[in-house]
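Sequence order for the protein chains is X and L.
With numbering that gives the first Met the number 0, letter number 395 in the first sequence gets 394, and the count goes up by one each step, no holes.
With numbering that gives the first Met the number 0, letter number 286 in the second sequence gets 285, and the count goes up by one each step, no holes.
Do not take every clue at face value.
The list cannot tell twin chains apart, which means a pair is met if one copy fits it or any two copies do.
To be verified - Below 20 Å or equal to it, Euclidean Cα-Cα: the simulated DMTMM-like pairs (lysine to aspartate or glutamate) are:
| hint | residue 1 | residue 2 |
| --- | --- | --- |
| 1 | Lys-425 | Asp-165 |
| 2 | Lys-286 | Glu-352 |
| 3 | Lys-2 | Glu-72 |
Source of the hints: derived by calculation from the structure; they are not laboratory data.
2 protein chains.
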Amino acid sequence: MSKQTKFLLNENQMPRFWYNLQADLPKPLPPVLHPGTLQPIGPADLAPLFPMALIMQEVSLEREIEIPEPVREVYRLWRPAPLFRAHRLEKALGTPAKIYYKYEGVSPAGSHKPNTAVPQAFFNQQEGVKRLVTETGAGQWGTSLAFAGSLFGLAVEVFQVRVSYDQKPYRRAVMHTYGARCVASPSGETEFGRSVLAKNPDHPGSLGIAISEAVELAVQREDTKYALGSVLNHVLLHQTIIGLEAMEQMQMTGDWPDVVVGCTGGGSNFAGIAFPFIGHGLRGGAKPRIVAVEPAACPSLTRGKYAYDFGDTAGMTPLTKMHTLGSQFTPPGFHAGGLRYHGMAPLVSHCKELGLLEAVSYNQVECFEAGVLFGRNEGIVPAPEANHAVKGAIEEALRCKREGKAETILFNLCGHGHFDMSAYEKYFAGELTDEHYDESELAMALAGLPSVPQPA
Amino acid sequence: MSKQTKFLLNENQMPRFWYNLQADLPKPLPPVLHPGTLQPIGPADLAPLFPMALIMQEVSLEREIEIPEPVREVYRLWRPAPLFRAHRLEKALGTPAKIYYKYEGVSPAGSHKPNTAVPQAFFNQQEGVKRLVTETGAGQWGTSLAFAGSLFGLAVEVFQVRVSYDQKPYRRAVMHTYGARCVASPSGETEFGRSVLAKNPDHPGSLGIAISEAVELAVQREDTKYALGSVLNHVLLHQTIIGLEAMEQMQMTGDWPDVVVGCTGGGSNFAGIAFPFIGHGLRGGAKPRIVAVEPAACPSLTRGKYAYDFGDTAGMTPLTKMHTLGSQFTPPGFHAGGLRYHGMAPLVSHCKELGLLEAVSYNQVECFEAGVLFGRNEGIVPAPEANHAVKGAIEEALRCKREGKAETILFNLCGHGHFDMSAYEKYFAGELTDEHYDESELAMALAGLPSVPQPA
Numbered sequence: 000m001s002k003q004t005k006f007l008l009n010e011n012q013m014p015r016f017w018y019n020l021q022a023d024l025p026k027p028l029p030p031v032l033h034p035g036t037l038q039p040i041g042p043a044d045l046a047p048l049f050p051m052a053l054i055m056q057e058v059s060l061e062r063e064i065e066i067p068e069p070v071r072e073v074y075r076l077w078r079p080a081p082l083f084r085a086h087r088l089e090k091a092l093g094t095p096a097k098i099y100y101k102y103e104g105v106s107p108a109g110s111h112k113p114n115t116a117v118p119q120a121f122f123n124q125q126e127g128v129k130r131l132v133t134e135t136g137a138g139q140w141g142t143s144l145a146f147a148g149s150l151f152g153l154a155v156e157v158f159q160v161r162v163s164y165d166q167k168p169y170r171r172a173v174m175h176t177y178g179a180r181c182v183a184s185p186s187g188e189t190e191f192g193r194s195v196l197a198k199n200p201d202h203p204g205s206l207g208i209a210i211s212e213a214v215e216l217a218v219q220r221e222d223t224k225y226a227l228g229s230v231l232n233h234v235l236l237h238q239t240i241i242g243l244e245a246m247e248q249m250q251m252t253g254d255w256p257d258v259v260v261g262c263t264g265g266g267s268n269f270a271g272i273a274f275p276f277i278g279h280g281l282r283g284g285a286k287p288r289i290v291a292v293e294p295a296a297c298p299s300l301t302r303g304k305y306a307y308d309f310g311d312t313a314g315m316t317p318l319t320k321m322h323t324l325g326s327q328f329t330p331p332g333f334h335a336g337g338l339r340y341h342g343m344a345p346l347v348s349h350c351k352e353l354g355l356l357e358a359v360s361y362n363q364v365e366c367f368e369a370g371v372l373f374g375r376n377e378g379i380v381p382a383p384e385a386n387h388a389v390k391g392a393i394e395e396a397l398r399c400k401r402e403g404k405a406e407t408i409l410f411n412l413c414g415h416g417h418f419d420m421s422a423y424e425k426y427f428a429g430e431l432t433d434e435h436y437d438e439s440e441l442a443m444a445l446a447g448l449p450s451v452p453q454p455a
Numbered sequence: 000m001s002k003q004t005k006f007l008l009n010e011n012q013m014p015r016f017w018y019n020l021q022a023d024l025p026k027p028l029p030p031v032l033h034p035g036t037l038q039p040i041g042p043a044d045l046a047p048l049f050p051m052a053l054i055m056q057e058v059s060l061e062r063e064i065e066i067p068e069p070v071r072e073v074y075r076l077w078r079p080a081p082l083f084r085a086h087r088l089e090k091a092l093g094t095p096a097k098i099y100y101k102y103e104g105v106s107p108a109g110s111h112k113p114n115t116a117v118p119q120a121f122f123n124q125q126e127g128v129k130r131l132v133t134e135t136g137a138g139q140w141g142t143s144l145a146f147a148g149s150l151f152g153l154a155v156e157v158f159q160v161r162v163s164y165d166q167k168p169y170r171r172a173v174m175h176t177y178g179a180r181c182v183a184s185p186s187g188e189t190e191f192g193r194s195v196l197a198k199n200p201d202h203p204g205s206l207g208i209a210i211s212e213a214v215e216l217a218v219q220r221e222d223t224k225y226a227l228g229s230v231l232n233h234v235l236l237h238q239t240i241i242g243l244e245a246m247e248q249m250q251m252t253g254d255w256p257d258v259v260v261g262c263t264g265g266g267s268n269f270a271g272i273a274f275p276f277i278g279h280g281l282r283g284g285a286k287p288r289i290v291a292v293e294p295a296a297c298p299s300l301t302r303g304k305y306a307y308d309f310g311d312t313a314g315m316t317p318l319t320k321m322h323t324l325g326s327q328f329t330p331p332g333f334h335a336g337g338l339r340y341h342g343m344a345p346l347v348s349h350c351k352e353l354g355l356l357e358a359v360s361y362n363q364v365e366c367f368e369a370g371v372l373f374g375r376n377e378g379i380v381p382a383p384e385a386n387h388a389v390k391g392a393i394e395e396a397l398r399c400k401r402e403g404k405a406e407t408i409l410f411n412l413c414g415h416g417h418f419d420m421s422a423y424e425k426y427f428a429g430e431l432t433d434e435h436y437d438e439s440e441l442a443m444a445l446a447g448l449p450s451v452p453q454p455a
């Protein structure tokens with residue numbers, strides 16, 4: 000018998016429902032507050048930004064939410080995604096642990112992002128929306144929404160952080176290939192963008208500014224809505240297909256995870272792999288340790304404050320309670336662009352507060368070291384974001400080695416690094432260093448958090 | 000019932016044998032000639048370059064050649080590869096034809112090349128080889144051999160055409176990630192490289208020169224062999240796993256191809272999809288039309304001469320009978336780097352002479368147009384090479400539309416375009432033009448073909 004490496008599901012084993020962790024939480028999420036009144040908002044308050052179907056998912060307490068057939072049809076282009084046993088990596092580490100990884104890089108965009116881009120495009124199209132606007136940093140999310148828009152006949156407009164727009168023309172070319180329009184942010188196309196440019200015509204942009212521009216445009220036009228690639232409950236919901244598939248696949252292996260590891264920026268790929276396992280534990284099933292790995296240079300879960308904050312720089316979004324470094328905090332320019340966000344998904348933050356997960360942070364260079372070790376043994380070059388999960392899994396495997404424990408480790412390899420080879424190039428040239436934020440800037444950003452009376 | 004999009008095989012349905020077309024040919028391949036004596040060569044003549052297992056595959060007349068388990072174990076990282084029905088593309092074209100495509104971009108290197116890189120690394124390792132040297136243009140092949148070498152513990156050295164080395168640092172970074180050494184060719188590391196640099200220190204390099212350098216190095220050291228990514232019989236043999244899987248998958252669809260389409264440079268991905276179907280026809284099965292699509296700027300099958308020629312520029316390789324533009328012919332600098340080779344695989348050439356396949360050529364811009372149409376409908380951005388197959392399939396589908404025929408078209412999508420987005424960027428900027436070779440240069444290269452007496 001050969002050692003099995005890849006665990007595949009048939010198309011008819013693909014989950015028919017997303018899993019909503021809110022149904023199983025021992026304590027409900029704190030309410031979302033209106034930025035003006037500081038009062039809890041209702042579905043209608045979000046209607047200028049999102050279609051009602053997504054708003055209802057945002058607040059739903061139903062455990063299972065059906066995946067519509069047209070979404071499943073697109074998912075089938077790459078889903079069910081494979082689960083691998085990392086035999087070679089185990090051997091290289093000399094660990095008694097079994098390491099499994101779920102691989103989301105098989106999607107057309109090369110990451111997990113299309114898992115939510117596709118249903119977001121679908122639900123918008125169903126409600127007559129003609130155009131979606133969004134922001135993107137490095138471009139993973141913009142690419143995914145462009146892909147989804149092209150399949151459902153929606154125009155897609157992407158505000159890309161200018162420094163990425165200039166430095167990463169290839170991601171932009173992918174968005175163009177899918178027919179999306181891509182604008183460098185800050186742009187002259189919005190009032191907020193013009194106000195930023197008036198102060199500094201060479202402003203490099205930021206994710207917070209790009210969000211503000213996209214939101215401004217979305218609320219202006221009846222046929223246009225906004226789409227966000229992480230953080231929100233409905234985004235995390237869509238990503239649970241990762242963990243739901245992984246649970247089926249772990250049953251095929253005959254093992255069950257003692258530890259589940261994911262990297263966290265906004266929180267969506269982490270929630271995707273982790274929430275189904277957390278829910279399983281809350282309903283009386285086995286409770287694996289859940290480990291969120293974040294960049295040391297942007298450590299919202301490990302160094303941020305659990306407080307109400309804005310999602311964007313301009314303060315146009317509702318206030319959500321989350322682990323945050325402060326919406327005025329600017330993360331340093333490390334290469335895992337998908338993890339450079341000041342806040343953490345409210346649901347992930349809530350789980351941290353409830354003791355349902357652990358958080359740990361690693362520096363840039365050690366994460367690239369881990370990614371290269373992984374690539375040389377498993378053949379897949381991970382995205383810089385995914386390197387954090389790889390690092391987290393390797394550390395768990397080395398702990399098992401020290402403790403002589405044959406634990407089972409599962410992690411989410413959320414994307415491949417084919418668009419990020421310039422970062423690897425710098426790594427091999429010895430030019431990659433750890434990035435550090437300024438402690439006084441963090442203190443200032445935290446001091447500047449909006450003052451919100453404790454809700455009932 | 001939903002329309003099925005993806006047809007997957009289980010791991011245990013992955014072929015256990017490669018298919019050797021030589022077993023079913025009505026007329027054997029012309030012999031390979033020694034470049035000095037012009038006499039047919041025997042296995043021993045190739046021993047300085049290749050391990051004996053691969054040499055025996057090169058000349059084997061056995062129909063089935065077993066895939067060793069360690070190779071199958073690595074194949075399982077991405078194989079069996081999916082077969083898709085292109086419902087959305089069919090709709091966009093308004094064709095009654097059914098379009099299927101086999102997708103090889105799911106491999107860690109993003110193309111079909113690892114299908115042969117892995118067994119080549121394995122058989123070399125089995126015979127005690129410590130180091131493999133090879134050449135690469137754009138980098139697909141070098142990446143794949145670097146990947147395979149890392150898994151079997153072989154050092155890999157890649158001579159990369161200097162112009163690509165300088166222009167495409169990302170591919171190089173992937174090779175480094177897999178632990179390979181990458182040298183710009185012409186280099187100072189070989190006698191031939193030094194002789195080229197002596198005449199022109201700024202020589203941009205060519206595939207033919209890089210092959211000469213790799214061959215020179217391989218013959219010098221006992222522990223070092225040479226590896227080639229296309230053209231040779233054993234390389235085409237390894238690629239037949241593509242078509243063997245596709246035959247299984249076509250049976251799942253309930254359809255059977257009337258036309259099989261692939262793009263051809265050296266011929267390996269084309270042979271991979273086509274040979275199992277050609278063989279099936281030769282053994283009395285259904286005979287689909289087989290269409291080879293090549294770039295109009297490097298049209299070996301449609302404009303070349305069927306004659307004995309060298310595989311490299313320096314004239315160090317054996318002479319094989321093939322469709323060739325002449326080993327001194329320099330293809331213009333179009334973007335499908337994997338199709339920029341003066342010759343065609345002898346087996347593919349032989350099939351053309353036997354009337355077992357048709358050949359057609361298209362220009363660069365119309366191929367990118369086809370690729371963008373495909374990407375917007377099917378979600379996958381094809382490699383520039385693969386765009387030729389997409390174009391060929393679309394032309395067949397449009398013919399079906401004109402003729403009102405509901406034929407079934409199968410093509411091989413041999414790789415994704417994530418490393419080639421600069422070409423797409425130029426396309427969208429309107430800066431991509433068709434490239435043309437110089438007719439007088441072609442005539443001169445053809446006139447310079449080696450003079451070989453007709454073998455018995």
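**Prompt:** Under a CA distance limit of 20 Å, which applies to Lys-286 and Glu-352: within one copy, between copies, both, or neither?
**Reply:** Within. Shortest intra-copy distance 17 Å satisfies the 20 Å Cα cut-off; inter-copy 65 Å does not.
Is it within a copy, between copies, both, or neither that the alpha carbon of Lys-2 lies no farther than 20 Å from that of Glu-72? between (32 Å within a copy, 8 Å between copies)
Taking 20 Å as the upper bound on the Cα-Cα distance, should Lys-425 and Asp-165 be classified as within, between, both, or neither? both (18 Å within a copy, 15 Å between copies)
The structure agrees with every numbered hint stated previously.
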